[in-house]
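Engineer: Given chain A, put chain B in place with the hints provided.
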Amino acid sequence: MSESKIKISNLHKAFGKKVVLDGVDLELRKGESLVVIGGSGTGKSVLIKCIQGLLTPDSGSILIDGEETVGADREQQAALHSKMGMLFQGGALFDSLTVWENVAFGLLENQKMPRKQAKTEAIRVLRQVGLAPDVADLSPSELSGGMQKRVSLARAIATKPEIIFFDEPTTGLDPIMAAVINDLIIESAKGLGATALTITHDMASARKIADRIAMLYKGKIIWEGTVKELDKTDNPYVLQFINGSSQGPIKVEI
Amino acid sequence: MANRIELFLRALGKPLVKFIASLGELTLFIAKSIYHCLTPPFYFKLMGRQFMDIGFYSLPVVGLTTIFAGMVIALQSYTGFARFGAESGVASVVLISVTRELAPALSGLMVAGRIGAAMAAEIGTMRVTEQIDALVTLSTNPFKYLVAPRIIAGVIVLPILVLIGDIIGIFGGYVVCVYKLGFNPANYVNSTLQNLESLDIVTGVVKAAVFGFIITLMGCYNGYKSKGGAQGVGEATTNAVVSASILILVFNYIITELFFAK
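Protein chains in written order, with our numbering: chain A, 55 to 308; chain B, 1499 to 1760.
One chain only, chain A, in its complex shape (with noise of 0.2 Å):
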């Protein structure tokens, strides 16, 4: 296909003795959407936010667009972040600020637009979105959850990144709000031409978004695959997962 977006090679990432990455190889190519799934504290987390350089790996290689990422100085990594936008798990609104500002806020603060332009470009995402331009001025805490996901997601196109990384984007909402959703972030990668990496353990919304899918399984990339290669796989771990089995390789420590 096309060139490589993201290829992270022999990743490596431990706090104190409890070990999360153990050797992750991963490619992204331009302008696809890759999933990955596993089970909770499997270290997806850990992933995207090694990717992004919240957190720094003890060793291993993140080439974006090519360049190394691993290491490199503050404004090497300021560059990085504005290719970058971020869905957050809980949605990490700035409740200080109202709906408008959350959603400009790459607008306003790095690309130094007027308010008044920001405030209209806002309005313009959110109803790409689904939302009125009536929750414009209105403090996030006012919204409800699915509301707030939509903020969130509009927050991270409004800057029209080359890279979203969408983190458990369906968590908590109802299954026709996590359709909504699923719809939406097609939508937006889609419509942005961005590469989109999805961490998830929902299944249904995997299938929903993926081009790829990889099963991360005690900090390796165990499997990797399209969907229609998901149905037809015979790798017990990943039909543990799919299935959704307390029976099989994979063992719930408790």
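Please keep in mind that the hints were generated in silico from the structure rather than gathered at the bench.
Be aware that a few hints might be false.
[Stated by the list, open to error] What follows is a list of derived Cβ distance ranges for each label pair:
#, chain 1, residue 1, chain 2, residue 2, range
1, B, V1704, A, D119, 26 to 36 Å
2, B, I1744, A, G70, 23 to 33 Å
3, A, F69, B, I1503, 53 to 63 Å
4, B, I1518, A, S115, 30 to 40 Å
5, A, R261, B, V1740, 28 to 38 Å
6, A, K274, B, V1704, 53 to 63 Å
[Stated by the list, open to error] Simulated crosslink set (DSS-like; lysine-lysine; CA at most 30 Å straight-line):
#, chain 1, residue 1, chain 2, residue 2
7, B, K1725, A, K72
8, A, K214, A, K84
9, B, K1543, A, K214
10, A, K72, B, K1530
11, B, K1725, A, K274
12, A, K274, A, K72
13, A, K84, A, K272
Here a beta-carbon is modelled for each residue, glycine too, at the ideal position from N, C-alpha and C.
Structural biologist: Then chain B, alone, in the frame of chain A:
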């Protein structure tokens, strides 16, 4: 026996290593904070909000604290001085104790309770709800956006608060001496003005600036490092107030010694 010693040393070693590690963490945090306070971009709007929070809204607390401190010091020193017939010394005792000690230390402690706690809670909540990570992903440095405006505002505003506290505290002493103890108002004002020395005011102001740094630093640091949800934020809040209060008392002594020990 050897086993017991080993156990003892182990028990001692773990907290010690932890303590040194957190000391190192704090030092790095201070260095980063100061660097970001001095380099652009500056967020003037956020600084303005902090000026209001730390300064303006602390005025009632500082005013009440210093007026009663001035009043009580007048009353106490009067009972002491009356024994030697040296009542005329009350004005200068009020002046010196309010400007050098009471206004800066008490205002510092009160503001630490008010502001240190609020800062740690706000930044701590931002930490546990990933708002700080969100700032980073939006290419905004949290030190510049959250820490620097608070520290700069604290260092500038506390001295102003203390200057106001000086005036209110001395006024408190005046009220007690004139209306309760029957001093001659003109004499009291005269002896206050005669004893007024710039060094007394300057030490108070220097102390206030240092306390402003300590309060905002501890608020930001504890909030920034908090983890583990509501409980973590609660802990951060307590730690911010306790550590700021203790540091204020310690530095109060150190600065006094620097200025007056000869």
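Engineer: Can you list which hints this structure breaks, lowest number first?
Structural biologist: 1, 3, 5
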